[in-house]
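Colleague: Start from the sequences, fold in the hints, and give me the full structure.
Quick note: the sequence shown uses my numbering, first residue 14, plus one each step.
For the record, the hints were derived by calculation from the structure and aren't laboratory data.
Note that the structure is predicted; figures quoted are calculated from it, not measured.
Be a bit skeptical, because a hint or two may be false.
[Claimed, not checked] Calculated cross-link-like contacts (lysine-lysine; reagent style DSBU-like; alpha-carbon spacing at most 30 Å):
hint: 1; residue 1: 123; residue 2: 66
hint: 2; residue 1: 123; residue 2: 73
hint: 3; residue 1: 44; residue 2: 123
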Amino acid sequence: MRKHWLWTACMAVALPVSVAAQNAVTTSGNKADASAPDTHIRSNSLTNSTDQKIAPPPSKGGPTAKGPYGTCTVHVDNGTGYIVQFYFNGSLAGVMGPWGDLYPNITPGKAELYARAVFDDGTVLTFGPREFLCSGTDLHWTLTP
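Modeller: Now the structure itself:
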């Protein structure tokens, strides 16, 4: 019992430090017409290109980042009951089910994060765009209706 209490006390101290080191933002959706052009989307396709050359992150055997910064994990937290499409720098990068989550790993530098839920009545709920500078710190992005 004493060991369990010690472990719990250590976790209580360690947990807030790791959460504090993470950026956390919440974005509410904006209702719009789904047929209107959306300047934040360059590609809405999930089809891969045969000449696509994307280096893996260091955690998957890729090169380590030069300089003081490593990759960042963006936790996209779908706080809605809708299917949401997630875009990274204008390209469709994933889809979340209602109340789902995505954890894309991005390289250092400036990124544009964007998401949207499309409805059967011809409207869309958009989230962002949100600019994020990956400098080695993770981001927790919560989407709300």
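Colleague: Hint numbers the structure violates, sorted upward?
Modeller: none
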